[in-house]
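In my numbering, the protein residues as written are 1383 to 1604.
Note that these hints are calculated values from the structure, not bench results. Check the hints yourself; a few may be wrong.
Listed next, the in silico DSSO-like pairs over lysine-lysine satisfying Cα-Cα at most 27 Å (straight line) [as the list claims (entries may be wrong)]:
#1 K1559 / K1547
#2 K1590 / K1524
#3 K1582 / K1512
#4 K1399 / K1535
#5 K1438 / K1451
#6 K1524 / K1547
#7 K1449 / K1438
#8 K1585 / K1559
#9 K1559 / K1512
#10 K1590 / K1400
FRET-style restraints, in silico, Cβ to Cβ [unchecked claim]:
#11 S1393 / K1585: 18 to 28 Å
#12 K1524 / R1495: 17 to 27 Å
#13 E1589 / K1446: 23 to 33 Å
#14 E1426 / Y1593: 22 to 32 Å
Think of the CB as a built atom: it goes at the ideal place given N, C-alpha and C, for glycine as much as any other residue.
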Amino acid sequence: MNILIFQKDLSVCNYLKKGLKELGYTVDISNNEEEIMDMAINTEYDLLILDVIGKKINGIEICKIIKKKYGKIKILFMSEEEDVDLKIKALDSGGDDYIVRPFNFRELSARIRAILRRESKSFESILRAKDLTLNLMNREVKRAEKILDLTVKEFALLEYLMRNKNLVLTRTIIKEKIWSIDFLTNTNIVDVYITHLREKIDKNHSEKLIYTVRGIGYILKD
């Protein structure tokens, strides 16, 4: 599940990114209004977590612009303000929900799932590659109808591979998307987790799905 975050305070962006990644989400962040609008319109995200108060442009105006140009993206407003009139303006501008900081991450995750359930037709809740399926709503993975037990990070990695199936993904890109960017550059964490996934997904199957691209990274073939 791909989430984009805009908060005027970069430290809040990083805090949210860390917490949501621990819950298994793929997260990109920015504290620049122009950049966030470009990312939301030109890159496919399931959800934008949007600060109501911006530095140059407020979140309500950003929401209106993004919804006009790319109406499919869901928007969750976030603010320290509990003012009812502000909440109404935010929701009327096209927002799908509004959460007040501070909050519990379990509540945030539940709100995210609820937002995405509301428009199941526009949200691709099940990803497929041959006989492999990944259900984003109940977090169930099956290969040939057999349920596979994946950890949070294994699930996030598989989701990223399936969203980008038939594309070669470098180790660096995978690391940035699934793990924090402050991981040591020489770590083999991607290779370790790919090995774990292969054990669970490809083992005992004649047709393999995950392939190594020597010197570059990995590809999941459909």
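> So which of the earlier hints does this model not fit?
Replying inline: 10, 11, 13
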